[in-house]
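Asks: As you go down the protein sequences, you meet chains A and B in turn.
If you want our numbering, it's the 1-based position in the first sequence plus 115.
If you want our numbering, it's the 1-based position in the second sequence plus 18.
These are computed hints drawn from the structure, not numbers from a lab.
C-beta: ideal position from N, C-alpha, C; glycine also.
Be a bit skeptical, because a hint or two may be false.
To be verified - Reference excerpt, derived from the structure (chain A facing chain B, CB under 10 Å, subset only): (1) Arg150; (2) Ile214; (3) Arg224; (4) Val346.
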Amino acid sequence: MTTAALVHVVVSGLATGSIYALMAISLVIVYNATRTLNFAQGEMLMVSTFVGWTAHQWLRLPLPLIMLVAVVAAALLGWLIERAVIRYSIAATHFDVLIITLGLSLVLRAAAGLVWTHDEFPFPSFFADRPIAIGPVRLAPVSLGIIGGSLLLMLALYGLFRGTRLGRAMRAVAQNQRAARLMGISVERVYSASWILAAVVGGIAGVLIAPVIFLSSKMGLVAINGFTAAVLGGFGSMPGAVVGGMLLGVIENLAPLYLPSGIKHSVPFLLMIAILLVRPSGVLGRARRRKV
Amino acid sequence: MRRALWLAGGLALVLWPWAAPPYFVFLTSLIVVNAIVAIGLNLLSGYTNQLSFGHAGFLAVGAYVAALLTIHAPALPVVAALLLAGLATALVGLALGIPCLRLEGLYLAMATLAFGFVVVEAILNLDWITRGNDGLRVPVARLGGLALASDTAKYYLVVAAGALMVWAAANIVRTRTGRALLAIRESEIAAQASGVHVAAYKTLAFVVSAFYTGVAGGLFAFIVGYLSPDAFDVFLSVDFVAMIVVGGLGSIPGSIVGAAVITVLYDTLAAFQNYRPLIFGVILIACMLFMPGGIASRVRFPVLKGDNA
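Starting from the given sequences, assemble the full structure and let the hints guide the process.
Replies: Rendered as structure tokens:
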């Protein structure tokens, strides 16, 4: 294995890793606000990407507008789901909300299958197919584009969480809901904002990854790797989600080179089980203390 | 009154194969198998509040162990095959349960989900014994000199095993063990403070749950007669969760009713495959929003005492 080839593998690992990181960030945003895992995150991504694709088919929109359509669709879907379903189960246990989002994921996938069939569709890409050669290293533009786009989005999110009132409110709710409410933060609005924001991040991730993995009702399964990434970095931590995603992407791409091929598909799951056993709080997470 | 109900119910179960067409006999067997899994899952999720999305994995382990045992040791009586399938799965449950003790809620759900995927991948990769994607033909179960080949014979096997499992579960939940599990569900810390050995009981719940699912897996192998890894995907695990949610978390009669409802619904909707997940999803959401206790919270079951919906 030459260094150049190794660099290629690592870079494409970082590209898929960026998508896992974005999925993980979506999951963590929802988790921090409502303390629940959104099993439907991947399906929400899939639906918004399909909406963008439909706009492309009907109106022949240029790609940036497709991205915009997908983002708006994602925001609407996130808002709708939060207001119509999740809001009514806020008093329920995590267990119940988990099952509700599981139900949502079934509904969304089946609905997408009915509207757009269960076939795979090619999705237009922002980037050219021809690889870029830097010295002996050949890199796919799509990998670099995904990494760049994801990093930009992560920076924007960082700005949002640090610099804006809404971002501070979201962080406050993540730390302590009751205290946040007492400080005059509308926790309900933070719930809505979190679901919308998570959906938007997913929507962007969907448009970025669709040219690579094809558009299909199954593409929501990418969220499972998002879970793994979030766990790897420490569930609840944003930097952890980024680190976990990148780590997972690179490991997943490198593993087939060193492990027997049969085990390839199990790598993310084995990794998740391993990390849960060795360090449930993840690479960057802090151990949570339980109080009575 | 209770004794009369029991008697009538038992008689109906025994006479059923003579009254119903063969397909319905097969469907009833499937309901009983699913009910055993649902009871096992409920002991873990409903009673102890440890949600599992990996029970299709346990079912697969039980099914393949039973099938492989019967293939390689044709003289083995079916009871032994089922028992060994249950024990092997219980061992897997122990191996997964001990590390999972440290996990709660979401983390456990994710770890079990991952377990389900790993089992399917393992079956695909161990193709020199499981025959991978080609599938495995399961030989006819034997009991002494008897070959249980007909749907009716398989039905009696399944119903006998099911009755035993229900009886055992009813006894587990109304004794000290059941109360300990319930105490863990309500509050782990309070349970520990009251002298419940939380780690031991959580592991026990995992092992018993896996044993139930393993035995059900063995029965599944015999009544279906053909195993392939895609039958045990994550959606099957979701169906099991749906059974206990619809029937009632923490209720044994609820598990049985839930298994019956979901199995019959699954079968009825066979012609509308594309709509099936849609309907199941809506049912899950509606149950959680409007009927969190499932059917068991709305119906009084006169037969079983010690019910904790």
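Asks: Now tell me, hint by hint, if it's right for this structure.
Replies: Quick rundown of the hints versus the structure:
1. Below 10 Å, beta-carbon pairs count as interface contacts, and Arg150 of chain A has one with chain B at about 9 Å; its hint therefore holds.
2. Taking 10 Å as the C-beta cut-off, the interface hint given for Ile214 of chain A holds, the closest approach to chain B being about 5 Å.
3. The interface hint given for Arg224 of chain A holds, since its Cβ lies 6 Å from the closest Cβ of chain B, which is under the 10 Å cut-off.
4. A cut of 10 Å between beta carbons decides the hint on Val346 of chain A: the least distance to chain B is about 6 Å, and the hint holds.
When the structure is compared with the earlier hints, no violation turns up for any of them.
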